[in-house]
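My request is simple: use the sequences and hints to build the entire structure.
2 protein chains.
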Amino acid sequence: MSTVVPDDRPGVDDAALTSTARAGRGRPARYTREGLLELVVGVFNDRGYEAASMEDLAKASGLTKSTFYHHVSGKEELLGMAVNRALDALSTALDETADGGGRKAAQLERAIRRTTEVLLAELPYVTLLLRVRGNTDVERAALTRRRAIDARLAALVEAAAAAGEIRADIDPRLVSRLLFGMVNSITEWYRPDRRTAGREGTVLPKDTALQNTPRQDTVDAVVSLAMQGLHPLRQ
Amino acid sequence: MSTVVPDDRPGVDDAALTSTARAGRGRPARYTREGLLELVVGVFNDRGYEAASMEDLAKASGLTKSTFYHHVSGKEELLGMAVNRALDALSTALDETADGGGRKAAQLERAIRRTTEVLLAELPYVTLLLRVRGNTDVERAALTRRRAIDARLAALVEAAAAAGEIRADIDPRLVSRLLFGMVNSITEWYRPDRRTAGREGTVLPKDTALQNTPRQDTVDAVVSLAMQGLHPLRQ
Numbered sequence: 001m002s003t004v005v006p007d008d009r010p011g012v013d014d015a016a017l018t019s020t021a022r023a024g025r026g027r028p029a030r031y032t033r034e035g036l037l038e039l040v041v042g043v044f045n046d047r048g049y050e051a052a053s054m055e056d057l058a059k060a061s062g063l064t065k066s067t068f069y070h071h072v073s074g075k076e077e078l079l080g081m082a083v084n085r086a087l088d089a090l091s092t093a094l095d096e097t098a099d100g101g102g103r104k105a106a107q108l109e110r111a112i113r114r115t116t117e118v119l120l121a122e123l124p125y126v127t128l129l130l131r132v133r134g135n136t137d138v139e140r141a142a143l144t145r146r147r148a149i150d151a152r153l154a155a156l157v158e159a160a161a162a163a164g165e166i167r168a169d170i171d172p173r174l175v176s177r178l179l180f181g182m183v184n185s186i187t188e189w190y191r192p193d194r195r196t197a198g199r200e201g202t203v204l205p206k207d208t209a210l211q212n213t214p215r216q217d218t219v220d221a222v223v224s225l226a227m228q229g230l231h232p233l234r235q
Numbered sequence: 001m002s003t004v005v006p007d008d009r010p011g012v013d014d015a016a017l018t019s020t021a022r023a024g025r026g027r028p029a030r031y032t033r034e035g036l037l038e039l040v041v042g043v044f045n046d047r048g049y050e051a052a053s054m055e056d057l058a059k060a061s062g063l064t065k066s067t068f069y070h071h072v073s074g075k076e077e078l079l080g081m082a083v084n085r086a087l088d089a090l091s092t093a094l095d096e097t098a099d100g101g102g103r104k105a106a107q108l109e110r111a112i113r114r115t116t117e118v119l120l121a122e123l124p125y126v127t128l129l130l131r132v133r134g135n136t137d138v139e140r141a142a143l144t145r146r147r148a149i150d151a152r153l154a155a156l157v158e159a160a161a162a163a164g165e166i167r168a169d170i171d172p173r174l175v176s177r178l179l180f181g182m183v184n185s186i187t188e189w190y191r192p193d194r195r196t197a198g199r200e201g202t203v204l205p206k207d208t209a210l211q212n213t214p215r216q217d218t219v220d221a222v223v224s225l226a227m228q229g230l231h232p233l234r235q
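As you go down the protein sequences, you meet chains A and B in turn. FYI, the working numbering numbers position 52 of the first sequence as 52, with every residue one higher than the one before it. FYI, the working numbering numbers position 56 of the second sequence as 56, with every residue one higher than the one before it.
Simulated from the structure, these hints should not be mistaken for laboratory data. Source: prediction; values computed, not measured. All C-beta atoms in this analysis are idealised placements derived from N, C-alpha and C, irrespective of residue type, glycine included. Hints should not be assumed to be uniformly reliable.
[Claimed, not checked] Cβ pair distances, simulated, as ranges:
(1) B:MET54 x A:ASP169: 29 to 39 Å
(2) B:ARG140 x A:ASP95: 54 to 64 Å
(3) A:GLY101 x B:GLY74: 56 to 66 Å
(4) A:ASP99 x B:LEU233: 28 to 38 Å
[As the list claims (entries may be wrong)] Quick partial rundown of chain B residues pointing at chain A, CB under 10 Å, derived from the structure:
(5) ASP46
(6) ASN135
(7) THR136
(8) ARG167
(9) SER224
Laid out in structure tokens, this is it:
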């Protein structure tokens with residue numbers, strides 16, 4: 001996609017991908033590279049990556065299948081772009097966490113906070129990443145990068161436990177699984193509220209719980225539950 | 001399936017579904033009702049329910065497609081049987097939790113413990129349930145039952161917070177989402193160790209962490225992290 005879509009150049013962002021209008025739409029579909037990727041990821045998340053066809057993607061975008069194939073080799077390329085976006089954001093967040101220095105428990109707390117923030121900021125991309133199962137080369141490459149991130153998080157837990165700054169009575173690898181499992185589970189229910197442009201979140205319409213939970217409240221709750229749960233035990 | 005598969009009657013469990021041998025297998029495939037469902041759920045979890053076809057199911061079982069269709073109307077019926085097994089087990093666990101009486105926080109602790117135990121005991125069925133997205137009638141019915149269970153769990157958190165027995169500084173509905181998100185995330189990595197017949201657990205072979213974490217250790221870690229994380233704040 002990177003070689004044929006011109007929207008990385010300044011000034012042409014809004015005319016990157018156009019098509020003749022589909023019956024009933026009234027005007028040509030236009031996408032930035034980012035806009036098209038967001039749409040595709042939405043289809044993958046709704047129907048499942050395996051089940052979504054290039055035809056589904058073309059239909060959802062209002063582009064013809066041949067326009068689509070002119071720009072991307074297939075849905076695997078789109079999957080790669082999407083999951084690498086999530087992985088890049090998570091890696092960068094962990095780099096920043098390590099740069100901060102300080103006590104091990106403080107580094108772990110920053111990692112929990114930043115990871116949750118990235119998950120909420122890049123919600124559809126992280127959601128897709130977490131569903132990847134390793135059936136293709138692109139998926140296996142994503143799993144390898146994801147395992148490296150999980151290993152960095154587990155190492156932070158282990159270092160904080162070894163320093164006596166968090167409880168050490170539970171296997172640090174199990175702690176890491178459960179903590180970041182809690183963080184990742186947010187993708188199952190959190191829905192950004194479009195009315196407030198990403199500042200607030202709502203759950204699925206049919207669900208009565210948690211309407212308009214602000215994003216920051218969610219981050220603070222995760223950090224607070226996790227860090228209190230990890231507090232060293234008093235003997 | 002319940003009307004045509006005879007294996008609910010005593011004495012015929014091992015001959016419920018048989019087929020002529022497929023080339024290379026050497027003997028007819030034989031399944032109990034439960035054995036066949038377990039196999040089908042494994043295929044659903046591996047490939048995704050949407051992507052798995054009746055042909056895939058027949059192939060994995062060694063049964064012919066026509067034998068399969070003789071016993072079930074289609075994959076949606078199998079999905080219904082599988083997710084209702086998980087939902088029945090979770091509902092029963094919550095009924096037992098409520099029967100116990102006592103302080104609200106103790107009831108919540110029992111609910112966390114029993115829910116985690118059921119998840120581990122019925123791992124493939126709960127895994128499938130948690131992936132249901134509501135695309136068909138069977139899936140929507142499962143989501144409705146799942147929401148009712150989530151509401152009971154949220155009510156337990158709310159009651160314990162209202163009684164001052166757990167911290168009340170975080171919205172109880174958000175606490176409930178995060179806690180049971182942590183519990184549910186276990187389906188993402190826990191793999192029963194077949195060598196020890198369900199007593200022990202291992203993660204996926206390629207993962208180096210958490211080999212042979214015993215099931216009870218996982219349950220205890222969840223309960224301990226959750227209940228310490230929920231402890232009322234000292235002012």
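Structure-based check of all given hints:
1. Taking the beta carbon of each, MET54 of chain B and ASP169 of chain A are about 49 Å apart, not inside 29 to 39 Å as hinted.
2. Here the CB-CB span from ARG140 of chain B to ASP95 of chain A is close to 43 Å, at odds with the stated 54 to 64 Å.
3. The supplied range of 56 to 66 Å is met by GLY101 of chain A and GLY74 of chain B, whose beta-carbon atoms lie about 59 Å from each other.
4. Under the hint 28 to 38 Å, the C-beta atoms of ASP99 of chain A and LEU233 of chain B, about 31 Å apart, fit the expected range.
5. A cut of 10 Å between beta carbons decides the hint on ASP46 of chain B: the least distance to chain A is about 8 Å, and the hint holds.
6. Because the beta carbon of ASN135 of chain B sits about 8 Å from the nearest beta carbon in chain A, less than 10 Å, this interface hint is met.
7. Restraint check, THR136 of chain B versus chain A: the minimum CB separation of about 13 Å is more than 10 Å; hint violated.
8. With a cut of 10 Å, the hint placing ARG167 of chain B at the interface with chain A holds, because the nearest CB-to-CB distance is about 8 Å.
9. Below 10 Å, beta-carbon pairs count as interface contacts, and SER224 of chain B has one with chain A at about 7 Å; its hint therefore holds.
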